[in-house]
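Number of protein chains: 4
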Amino acid sequence: MTKNRLEAFSDGVIAIIITIMVLQMYPPAGGTLKSLLPVLPVFMSYVLSYIYVGIYWNNHHHMLQATHRVNGGVLWANLHLLFWLTLVPFTTHWMGLNHLAPVPVALYGAVLFMCGSAYYILAHVLIGLHGHDSQFGAAIGRDLKGIASMLIYAAAIPLSFISVWIALALYVTVAMMWLVPDKRFEKSF
Amino acid sequence: MTKNRLEAFSDGVIAIIITIMVLQMYPPAGGTLKSLLPVLPVFMSYVLSYIYVGIYWNNHHHMLQATHRVNGGVLWANLHLLFWLTLVPFTTHWMGLNHLAPVPVALYGAVLFMCGSAYYILAHVLIGLHGHDSQFGAAIGRDLKGIASMLIYAAAIPLSFISVWIALALYVTVAMMWLVPDKRFEKSF
Amino acid sequence: MTKNRLEAFSDGVIAIIITIMVLQMYPPAGGTLKSLLPVLPVFMSYVLSYIYVGIYWNNHHHMLQATHRVNGGVLWANLHLLFWLTLVPFTTHWMGLNHLAPVPVALYGAVLFMCGSAYYILAHVLIGLHGHDSQFGAAIGRDLKGIASMLIYAAAIPLSFISVWIALALYVTVAMMWLVPDKRFEKSF
Amino acid sequence: MTKNRLEAFSDGVIAIIITIMVLQMYPPAGGTLKSLLPVLPVFMSYVLSYIYVGIYWNNHHHMLQATHRVNGGVLWANLHLLFWLTLVPFTTHWMGLNHLAPVPVALYGAVLFMCGSAYYILAHVLIGLHGHDSQFGAAIGRDLKGIASMLIYAAAIPLSFISVWIALALYVTVAMMWLVPDKRFEKSF
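Residue numbers (our numbering), protein chains in the order written: chain W, 1 to 189; chain V, 1001 to 1189; chain Y, 2001 to 2189; chain L, 3001 to 3189.
Calculated directly from the structure, the hints in this document are not laboratory data.
Glycine included, every Cβ here is placed at the ideal spot set by N, Cα and C.
Some clues are possibly wrong.
What the hints assert, rightly or not - Cβ-Cβ distance ranges computed for the label pairs, FRET-style:
| id | chain 1 | residue 1 | chain 2 | residue 2 | range |
| --- | --- | --- | --- | --- | --- |
| 1 | L | M3177 | Y | I2162 | 44 to 50 Å |
| 2 | V | Y1026 | L | V3047 | 28 to 34 Å |
| 3 | W | N71 | V | G1128 | 37 to 43 Å |
Whenever a hint applies, use it, and build me the whole structure from the sequences.
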């Protein structure tokens, strides 16, 4: 089974996710800079989520590049990852609409945690298919960065209720960690 | 005639269908967990429909993988399938908005029945093109799972008016039946 | 210059056009069949426009299949065609919202006329590139069906003000004429 | 690393950007030509932005055609360009909604300036990868047209507050400059 359609379908879904978020940034009725102010938190949430979805696309690209074959299990693990990514516009929008209230900020982290877990599952389904001793398995290795990201998200969720700024700082930290594309695949293949 | 653009166009349409459903899940004005409660039935409808559309993409992928050529009839049979799939977000949304009232639940089933029929027609147009005795024809075989799905949908539509929970249980049952990708094509090709 | 990205981009735009039309069919607040009635004219407009956009995709597919190369002029002729196609959801929606009032029905025809003209221009830019005596040029021939469609649209626009049903019957007639994919390319190539 | 998915993903995002702009052109409640009048400035903004996004797609197509390889830096430079392009529907819509008030017209220019800068960065990341003395580097050359466009945008932003018509005339001028696809790549490769 070839991986072309898996890549094409994922590209389509991620392209839509990344683009519809800006659709939810509704232009204000007034034509002044001041009338644009309430849009600012929505815009900041958009920037953060754009970077996140961009990171997922980038890493997905790198991981699939290194993949030799796919099967039915990979298709579903990929659809599972895309499912959680489709929820990012919703949580982004809710967080922006409520000027960073604790519950939306926590839910934003929970969806990121699920995205991270789904990516981890996809990587491990692919390792199962290629073998632990394959180049692919070696490239993933112990996946410390993936595990660290999930631990940080898991910490950020309860911390949102103490201060949303701590949670947001943690989200930005994880984004920074991943902004550099996954060198493991570039190096090994 | 190559099948590449048929696959690419179908991927595009299905990617949009699966993604716009979440767009219809509008975030509530309040920033509390309680304010999120009314979104729950919309979310549950989204999960069910995401799985359904994912199943169609998966099986479409498997079937087209096994296809050697397409013609004008296949293009239209495929557009016919995509037409019914595009109605899934509408019926999903209506069902979610009305907290699972009988008519929306029945209409949801009717659209699934039409999707199933359209998939059946597409499979048989492809069999006509490849021949009953071809590998493709043999892989489809008597298509008992496809026929069973349509019978269950046909039963669920009137049963919605007795209890929407029976209808929903039947929809979930069919989804479970198909969650495993169509092994017929994986095995034969 | 390869035609792959031209096809992929057109597929993306047409997939979105065909899918967003159904987004404009907003589900009613009530959960009864009666509450669905006002959606009916919007649904009927959707069906007609889906068939139209499907025809364009089909013929675009056939024409590009027969194309050997593209240049900057072809890219712009194609973007021009896509521009008019992007207006179809707007006119479809306006026609559906206003229960087939004369002006929206006439504007619907005007946009179809522009789509037809843009397709005619694209075909002739491609003929210019391949040569009149090429297989491609011979396959297009005198393009009587394209010219007839434009004449029928041109007649339907003023006739909308006498009776919208005459105009709609003419739109359906042209759709019927094209429902069969363009055999010229299937035969010659 | 192959450039296929980079092209496919960019095509997807640009296809959505170009198509959702028309979604923001909401049909009026009335069914007369007069009721269509308030939609006219939104339509004119749409036409201008469609041409702009079309130009970017066209030039992106030409530039990537000439590209031999991509790396992680190119992926991020490309995502950066797509980010600013996704803001075009927002500024287009705001400009159309406010009947060309100075601040929205200036912001429209600012987003175009950022798109131009991001395209310039992408071109130079690609030159860095291919080498200044490569065919690719020679084809870009001193990029006078790119630099001129950015200077014109930079002038148009403050000029919006003197007269929006001067700013709009400058935007149209830059569009005219680019409407011809980038001959540098067609000639050299």
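Results of checking the hints against the structure:
1. Evaluation of the 44 to 50 Å hint for L/M3177 and Y/I2162 yields a pass: the beta carbon distance comes to about 47 Å.
2. Look at V/Y1026 against L/V3047: about 30 Å separates their beta carbons, and that is inside 28 to 34 Å.
3. Distance hint for W/N71 and V/G1128: a CB-CB separation of about 29 Å, inconsistent with the stated range 37 to 43 Å.
Hint 3 from the earlier list is the only one contradicted by this structure; the remaining hints agree with it.
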